[in-house]
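**Student:** Residue numbers (the numbering used here), protein chains in the order written: chain H, 2 to 293; chain C, 5 to 299.
A couple of the hints might just be wrong.
As the list claims (entries may be wrong) - Partner residues aside, some chain H positions facing chain C, computed with beta carbon under 8 angstroms:
| no. | residue |
| --- | --- |
| 1 | Arg-129 |
| 2 | Pro-134 |
| 3 | Phe-143 |
| 4 | Thr-198 |
As the list claims (entries may be wrong) - In silico BS3-like links for lysine-lysine, alpha-carbon gap of 27 angstroms or less:
| no. | chain 1 | residue 1 | chain 2 | residue 2 |
| --- | --- | --- | --- | --- |
| 5 | H | Lys-122 | H | Lys-222 |
| 6 | H | Lys-153 | H | Lys-179 |
| 7 | C | Lys-178 | H | Lys-153 |
| 8 | H | Lys-122 | C | Lys-178 |
| 9 | H | Lys-122 | H | Lys-153 |
| 10 | H | Lys-180 | H | Lys-153 |
FYI, nobody ran anything at the bench for these hints, they're computed from the structure.
Note that the Cβ used here is the ideal one computed from N, Cα and C, for glycine as well.
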Amino acid sequence: MNTPQGASTVTATRPTPTPLAIASLQPELTGLDPDAPVKLRAQDVSIRYGDRVAVRDVTLDVPEHSVMAFIGPSGCGKSTVLRCFDRMNDLIPGAAVEGRVELDGEDVYAPSVLPVEVRRKVGLVFQRPNPFPMSIYENVAFGPRRHGEQGKARLDDVVERSLRQAALWDEVKDDLRKKSGLSLSGGQQQRLCIARTLATDPEVILMDEPCSALDPIATLKIEELIGQLKVDYTIVIVTHNMQQAARVSDRTAFFTLGEDRAGYLVELDETLRIFTNPANQLTEDYVSGRFG
Amino acid sequence: MRRVLAADRLATAVLWAVAVFVILVLVAIIAYFVIESIPTFSLAFLFADPSLTEIGGIGPVLWNSVYMLVLTMLLTVPLGVLGGIYMAEYAGEGRLTNAIRFSQELISSVPSIVVGLFGFALFVAATGWGFTALGGALTLMVFNLPLLLRLSEQAIRTVPADERAASLALGATKWQTIRHAVLPVAIPGVVTGIVLTAGRVFGEAAALLFTAGLSTPTRYDFSNLNLLDPQSPWSPFRNATTLSVFIWKSNSEGLGNYVHEVANMSSMVLIVMVLAFNLGSRWLGGALQRHVSGL
Numbered sequence: 002m003n004t005p006q007g008a009s010t011v012t013a014t015r016p017t018p019t020p021l022a023i024a025s026l027q028p029e030l031t032g033l034d035p036d037a038p039v040k041l042r043a044q045d046v047s048i049r050y051g052d053r054v055a056v057r058d059v060t061l062d063v064p065e066h067s068v069m070a071f072i073g074p075s076g077c078g079k080s081t082v083l084r085c086f087d088r089m090n091d092l093i094p095g096a097a098v099e100g101r102v103e104l105d106g107e108d109v110y111a112p113s114v115l116p117v118e119v120r121r122k123v124g125l126v127f128q129r130p131n132p133f134p135m136s137i138y139e140n141v142a143f144g145p146r147r148h149g150e151q152g153k154a155r156l157d158d159v160v161e162r163s164l165r166q167a168a169l170w171d172e173v174k175d176d177l178r179k180k181s182g183l184s185l186s187g188g189q190q191q192r193l194c195i196a197r198t199l200a201t202d203p204e205v206i207l208m209d210e211p212c213s214a215l216d217p218i219a220t221l222k223i224e225e226l227i228g229q230l231k232v233d234y235t236i237v238i239v240t241h242n243m244q245q246a247a248r249v250s251d252r253t254a255f256f257t258l259g260e261d262r263a264g265y266l267v268e269l270d271e272t273l274r275i276f277t278n279p280a281n282q283l284t285e286d287y288v289s290g291r292f293g
Numbered sequence: 005m006r007r008v009l010a011a012d013r014l015a016t017a018v019l020w021a022v023a024v025f026v027i028l029v030l031v032a033i034i035a036y037f038v039i040e041s042i043p044t045f046s047l048a049f050l051f052a053d054p055s056l057t058e059i060g061g062i063g064p065v066l067w068n069s070v071y072m073l074v075l076t077m078l079l080t081v082p083l084g085v086l087g088g089i090y091m092a093e094y095a096g097e098g099r100l101t102n103a104i105r106f107s108q109e110l111i112s113s114v115p116s117i118v119v120g121l122f123g124f125a126l127f128v129a130a131t132g133w134g135f136t137a138l139g140g141a142l143t144l145m146v147f148n149l150p151l152l153l154r155l156s157e158q159a160i161r162t163v164p165a166d167e168r169a170a171s172l173a174l175g176a177t178k179w180q181t182i183r184h185a186v187l188p189v190a191i192p193g194v195v196t197g198i199v200l201t202a203g204r205v206f207g208e209a210a211a212l213l214f215t216a217g218l219s220t221p222t223r224y225d226f227s228n229l230n231l232l233d234p235q236s237p238w239s240p241f242r243n244a245t246t247l248s249v250f251i252w253k254s255n256s257e258g259l260g261n262y263v264h265e266v267a268n269m270s271s272m273v274l275i276v277m278v279l280a281f282n283l284g285s286r287w288l289g290g291a292l293q294r295h296v297s298g299l
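Make the full structure from the sequences, and use the hints.
**Tutor:** Structure (structure tokens):
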């Protein structure tokens with residue numbers, strides 16, 4: 002019953018859409034570009050930790066310059082899938098990825114590809130804000146410096162541009178070298194972490210529950226920021242908060258745990274459809290709060 | 005409820021008492037030597053050569069102590085810190101690391117006089133150098149390296165995994181991550197390790213008796229820069245009695261009228277030096293961290 006199906010086959014068996022759902026399918030109403038190139042692709046991806054299969058047979062496409070939300074109950078493998086796109090799973094001993102993961106059509110796990118190169122193109126914002134115990138300036142300059150940038154003027158530029166993009170510049174511009182990143186509030190720290198990621202000039206930004214440690218006002222600021230960033234970046238966000246998924250994302254992927262305790266992708270569709278007229282009963286139950 | 009509060013108060017009082025006791029002991033030791041030394045102390049004692057004044061001076065042995073400290077740390081710090089990085093970041097768990105840890109603990113628990121005899125056999129006799137500062141420094145390295153290794157490894161291990169993950173996620177390589185994200189956070193712990201090790205070098209006597217020797221010239225000619233000349237104060241190939249060894253010697257086999265005073269004053273100098281070194285290193289560690297964190 003719970004055998005996972007590729008998202009495409011699920012959408013093929015979709016029931017007759019309601020008028021609201023039909024509206025969501027029209028590009029001019031949703032603002033989604035149906036011809037946008039695929040930025041990230043997972044093809045039959047299964048991820049194991051030692052003997053335990055954490056998540057199995059995930060197939061999904063993330064179009065360029067859009068926001069995709071991963072939702073689902075705890076332990077269903079959302080973060081695990083997220084972290085295979087920048088090879089951060091490599092850091093966990095015993096983690097193994099099967100299937101194909103692509104960035105711009107290139108195999109991210111090809112033997113010739115260095116994880117360092119992938120991570121320069123695919124940034125990651127963590128659940129808990131984790132600035133370095135350094136000045137605000139050094140936090141943002143960290144990535145560019147490691148990538149070989151030494152010119153002071155150019156570093157100054159990157160730091161200012163990134164902090165502006167992360168909507169933090171006005172709050173910190175007088176304390177760049179005076180204050181530690183750790184002295185900022187939780188919401189400011191998370192925006193600093195976003196700025197730090199932007200400074201490395203990535204193409205994709207992965208966010209692993211970026212607001213779960215923040216208060217509602219700080220959360221709202223991050224959500225506004227995501228709306229602005231998707232113009233230039235492709236964003237994938239894992240969230241436990243369904244309202245957040247509904248507010249920030251263009252498409253939503255719903256994961257759950259199968260009877261074999263492995264997570265799998267139940268359904269992937271435009272966000273409006275997932276929340277109003279999902280194809281799968283499990284999705285319906287989850288978004289309406291009946292389980293999970 | 006009342007009993008719980010009473011227990012709480014009792015615990016607080018006991019812990020306070022223990023802390024006060026420890027501090028009192030420390031203050032008492034310092035006070036004892038300061039009071040004992042004041043009547044006879046003079047600057048001349050610190051720097052003059054032993055034959056000039058009636059009491060003598062500790063100029064040469066003080067110089068030897070500083071020289072020995074620097075030489076030992078030059079040998080120990082790079083190996084200890086790099087080894088600590090290896091153990092914490094690269095070695096992983098396995099037979100090799102277990103064997104290394106086991107030998108670390110083993111060497112740490114060997115009495116220093118035994119390490120001294122080992123040093124004598126290897127760096128004095130087998131090499132044919134005789135009693136030299138270098139032999140002393142190498143012997144001190146033998147029993148300080150395991151300590152520094154373990155302290156640096158611990159300091160590096162306590163850096164939160166978040167710091168590493170954040171750096172790697174920004175596209176930094178493993179070495180860049182260690183160098184720029186992990187070490188800056190670990191610096192205070194590493195500096196503490198270095199200070200502890202240095203304190204042991206400064207205070208060590210037993211391991212040096214048979215390695216750096218018990219004799220020293222009465223005066224050094226600092227313009228003699230020949231590193232191979234056993235008379236040059238800069239040469240590692242010379243006898244180098246340190247302050248600690250000197251204290252032991254004057255107390256156990258000293259003959260003059262002022263043996264007791266000399267031992268007391270030397271002890272005071274030793275304690276003050278160790279104290280100054282500790283405070284100085286703390287300041288240095290803080291300054292280093294401020295430098296790397298851009299604050």
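**Student:** Against each hint, give a clear statement of whether it holds in the structure.
**Tutor:** Here is what the structure says about each hint:
Annotation: interface hint on H:Arg-129 holds; nearest CB of chain C at approximately 7 angstroms, less than 8 angstroms. With a least beta-carbon distance of about 6 angstroms to chain C, the hint placing H:Pro-134 at the interface is held under the 8 angstroms criterion. The restraint placing H:Phe-143 at the interface with chain C holds, with a minimum CB-CB distance near 6 angstroms, inside the 8 angstroms limit. The closest approach between the C-beta of H:Thr-198 and any C-beta of chain C is roughly 7 angstroms, which is under the 8 angstroms cut-off, so the hint is satisfied.
Simply put, H:Lys-122 and H:Lys-222 have alpha-carbon atoms about 24 angstroms apart, close enough for the 27 angstroms limit, and the pair holds. At roughly 17 angstroms between alpha-carbon atoms, H:Lys-153 and H:Lys-179 fall within 27 angstroms of each other, so this suggested pair holds. Distance check on the hinted pair: C:Lys-178 and H:Lys-153 sit about 25 angstroms apart at the alpha-carbon level, within 27 angstroms; holds. Pair hint H:Lys-122 plus C:Lys-178 holds up; C-alpha atoms about 17 angstroms apart against a cutoff of 27 angstroms.
The suggested pairing of H:Lys-122 with H:Lys-153 holds, with an alpha-carbon distance near 23 angstroms, which does not exceed 27 angstroms. Of the pairs offered as hints, the one joining H:Lys-180 and H:Lys-153 holds, with about 19 angstroms between alpha carbons and a cut-off of 27 angstroms not exceeded.
Going down the numbered hints, you'll see the structure goes against none, and every one checks out.
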